[in-house]
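A.B. asks: The listed protein sequences correspond, in order, to chains A and B. Add 6 to the 1-based position in the first sequence for my numbering, that's all there is to it. Add 6 to the 1-based position in the second sequence for my numbering, that's all there is to it.
If you're looking for bench data, these hints aren't it; they were derived computationally from the structure. Hints are supplied without guarantee of correctness; some may be wrong.
[Claimed, not checked] Partner residues are not named here, just some residues of chain A that face chain B (Cβ under 8 Å, in silico):
no.	residue
1	Phe19
2	Asp20
3	Gln22
4	Phe24
5	Leu26
6	Gly43
7	Arg52
8	Val55
9	Gly58
10	Leu61
11	Gly64
12	Ile65
13	Gly69
14	Ile72
15	Val104
For each residue, glycine too, the CB sits at the ideal point set by N, CA and C.
Below are the chains, spelled out letter by letter.
2 protein chains.
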Amino acid sequence: MEEAKIKDFATEFDPQPFHLDEIAARASIFKGLAASGWHTAAIAMRLLVTGGLPLADGIIGLGGEITWPRPTRPGDSLHVDSEILDITLSRSKPNQAVVLVRSTMLNQNDEPVYVFNAKVLVFKRPVIKETEHATT
Amino acid sequence: MEEAKIKDFATEFDPQPFHLDEIAARASIFKGLAASGWHTAAIAMRLLVTGGLPLADGIIGLGGEITWPRPTRPGDSLHVDSEILDITLSRSKPNQAVVLVRSTMLNQNDEPVYVFNAKVLVFKRPVIKETEHATT
Numbered sequence: 007m008e009e010a011k012i013k014d015f016a017t018e019f020d021p022q023p024f025h026l027d028e029i030a031a032r033a034s035i036f037k038g039l040a041a042s043g044w045h046t047a048a049i050a051m052r053l054l055v056t057g058g059l060p061l062a063d064g065i066i067g068l069g070g071e072i073t074w075p076r077p078t079r080p081g082d083s084l085h086v087d088s089e090i091l092d093i094t095l096s097r098s099k100p101n102q103a104v105v106l107v108r109s110t111m112l113n114q115n116d117e118p119v120y121v122f123n124a125k126v127l128v129f130k131r132p133v134i135k136e137t138e139h140a141t142t
Numbered sequence: 007m008e009e010a011k012i013k014d015f016a017t018e019f020d021p022q023p024f025h026l027d028e029i030a031a032r033a034s035i036f037k038g039l040a041a042s043g044w045h046t047a048a049i050a051m052r053l054l055v056t057g058g059l060p061l062a063d064g065i066i067g068l069g070g071e072i073t074w075p076r077p078t079r080p081g082d083s084l085h086v087d088s089e090i091l092d093i094t095l096s097r098s099k100p101n102q103a104v105v106l107v108r109s110t111m112l113n114q115n116d117e118p119v120y121v122f123n124a125k126v127l128v129f130k131r132p133v134i135k136e137t138e139h140a141t142t
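Bound conformation, chain A alone:
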């Protein structure tokens, strides 16, 4: 997590003093420069999309529950762990399901900075096509 990127993101999307200025941040409840929670969330998404959550049709989030247990800081090194908690088949759309995934992003001290319990839309594999392929 680079300090310049924290400030760039905050300038565009979350221009509050504790995301933009070290001195103001030190006087705030964060006690130092902290990334916007939305920057943290966006980085978690990048980690999920680029390998952290291998879903064949992509990660299509319907919504979910976020917590930011502690700030993300300049210099933090972040990684994300995901766990499938539940799979609910759609009643109306037989090729769809909603998967409940808990993704936790941790810093270099293995402290969680972000937890997202997400509802993600997934699709069943097209079984008929696979069968066709197998017989040709």
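Let chain A serve as the given structure and place chain B on it in line with the hints.
C.D. replies: Structure of chain B alone, referenced to chain A:
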């Protein structure tokens, strides 16, 4: 919502075909280019910070529940409405409270694209200082 910004954000944080490429997006469940949900969330935050949610000490989110009822599209014009649902005073920290705020971002057709039920940390005004000020 500019198409170039949708692609820029997605390139950095959410590089999935339906956020990057019109043709791939048309073939996806989105049926057309859609902004990353995190881009949508970040824009909602900008609208809140720059006037949509006037909190004296800033908007310090502890977490909350997100839904994206429909995609945000290129050309969309977005605005946000907020409603205070609840205020819970802290038991351990007498100058703090957690405010439950529901923010809904709507497009130009007044269709919700984003709903965030957020827990926001707020601080009571320093009453003693105000009294001092009044007597000097």
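A.B. asks: The structure should be examined with respect to each hint, and the outcome stated for every one.
C.D. replies: These are the hints, each one checked on the structure:
no. : hint   : result
1   : Phe19  : holds, 4 Å
2   : Asp20  : holds, 5 Å
3   : Gln22  : holds, 5 Å
4   : Phe24  : holds, 7 Å
5   : Leu26  : violated, 11 Å
6   : Gly43  : holds, 5 Å
7   : Arg52  : holds, 5 Å
8   : Val55  : holds, 6 Å
9   : Gly58  : violated, 12 Å
10  : Leu61  : violated, 10 Å
11  : Gly64  : holds, 5 Å
12  : Ile65  : holds, 7 Å
13  : Gly69  : holds, 4 Å
14  : Ile72  : holds, 5 Å
15  : Val104 : violated, 13 Å
Consistency note: the structure conflicts with the earlier hints numbered 5, 9, 10, 15.
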